[in-house]
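The task is simple: from the sequences and hints, build the whole structure.
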Amino acid sequence: MDYILSIVVLACINMIAVLGLSIFTGFTGLFSFGHAAFVAVGAYTSAILTYYYSVSFPIALIAGAAAAGLVSLVIGIPTLRAKLRSDYFAIAILGFGEALRVLLENFEITNGARGLPGIDSFTTLPIVLVCLAGGVLIARNFLRSRWGAACIAIREDPIAAEMAGVRLFQTRLLSLVVSAVYCGLSGGLLAHFLSFIQPVMFTLLQSTQLLAAVIAGGMGSISGPLIASFVFIALPEALRVAQMWRLVAYGLLLVLIMVYRPQGLMGYSELSSLFRKKTGEQGGQQR
Amino acid sequence: MTTAQGPLFSVKGLTKNFGGIRAVDSFSFDVGEGSITGIIGPNGAGKTTVFNLVTGIYRPTAGTMLFRGEEIGGNRPDSIVRKGIARTFQNIRLFNRRSCLENVLTPLLQREKCSFIGAMLGTPGARRIEKELYGKALDLLSDLGLGKYASYQANTLPYGLQRKLEIARALATDPTLLLLDEPAAGMNPEETRSLANMIAEVRKKFHVTILLIEHHMDLVMNICSPIVVMNFGTLLAKGTPDEVRENPEVVAAYLGKGKRDNERAAG
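Listed in order, the protein sequences are those of chains S and H.
The first sequence maps to residues 1 to 287 in the working numbering.
The second sequence maps to residues 1 to 267 in the working numbering.
Just so you know, these hints were derived from the structure itself, not from any lab.
Don't take every hint at face value.
Claimed, not checked - Straight-line C-alpha distance at most 27 Å; calculated DSS-like pairs for lysine-lysine:
{"hint": "1", "chain 1": "H", "residue 1": "K204", "chain 2": "S", "residue 2": "K83"}
{"hint": "2", "chain 1": "H", "residue 1": "K136", "chain 2": "H", "residue 2": "K113"}
{"hint": "3", "chain 1": "H", "residue 1": "K83", "chain 2": "H", "residue 2": "K113"}
{"hint": "4", "chain 1": "H", "residue 1": "K204", "chain 2": "H", "residue 2": "K83"}
{"hint": "5", "chain 1": "H", "residue 1": "K113", "chain 2": "H", "residue 2": "K12"}
{"hint": "6", "chain 1": "H", "residue 1": "K83", "chain 2": "S", "residue 2": "K83"}
Here it is, written out as structure tokens:
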């Protein structure tokens, strides 16, 4: 039972980070191979605060998320101001993410590459669920607001977006900061769940897995990436009996999704709209 | 800021180089308030480049552009939009995977000042603004005869309606000057006629001045006055439709100057 519980918690923590990246990649149309760095910033900031300074857990979580948001400005301002195209931006942030990991490996306060052990395990399933639910709600509100509409407009056509009065640089930067805050929150929860973090947990591989969940789940959907991220965490665990083949199955699933549903599981729609469509059709039949 | 009797929009000596190519060469023209001004010229004359310069997508190499007496050259596109210039594109640029309503809603939302925190938490105030703009967007779609397509995804509309939707989206920015880049491209004569009526209506209803690029001569000659003729990036002629039609240089630019061409045109 504990085992299943921990998988669910890990999946939900991962879903929060995927939610953030979904706003940036799925809705704003910029690819990132570096978002694990923001998870790392959140994890280390909150862990250091509770570990060395005995700050209370909620405040440490918020500080971790805020720190991730601030760090995202460091890479966001120069690259997004230069209006790097999506693929160039992805490479720039890849370099940034790896550089940040190397920094973590060399700071004293992070205990270097050996990692930070003995973090209090404050994270419980209810806390994670509350964070996830709040995260989904805020993401939905964000996407309905003028800022979300601006993000989606940029994804669809940056030039047309500008001619609709959208500020290109500010909107992209905001989207990056929001996504980094989500990742930072996810990192804080992760650190206080595993009670041990080390820099090698936040490599390019983790960034890629976040991106894979967004793309396989559907760019421009909130529910799709969440489902994909849950499946990607739960499936390798559920298939543990198959030993090494589980990772093959994971890879195969990703390939199959891309071949048969290149727009992702949910495409550009939401789970809720599927239900709405169904009830709408039934209503039509009754008439 | 409006100068007493000066033109709404005035371009002087506008020049744009792309490497060694001079796409626009000290081009000057005025747009009077309330007019429908047409820009015509052969393919490659630099008409769309002028639009891209006016809307800030390109930076001019030289020249001034005064909008209501204020220099707008070198401004970013979004700030030019906020000053009151909107445009449509020659090859339609809609927010393809969004609904028609959302296409119009996006610029409406950008004009609204609302608190970020309030919007994120979904406060009643934020909801009310949202609802209000929703209604405005629907009205605007209905005004252009797109009311029943509000929930359709933009790229599923037929071509002619996509052009109308682009005009609706441009109007949602509340422009003073509306730039239309070949609004009748790909339309048959009947559609072109209905477009001409629509443009005239839009001008009246939304109190906009219109500057349009077009190749359909019947459309230009019917609704535009004055007409500005461009060739090789420079001003070739300007005047009323009749003056332009009878200008020998304009005829030459369109039909060519060769002897054989002249005979063919005469024959």
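Violated hints, by number in ascending order, as checked against the structure: 1 and 5
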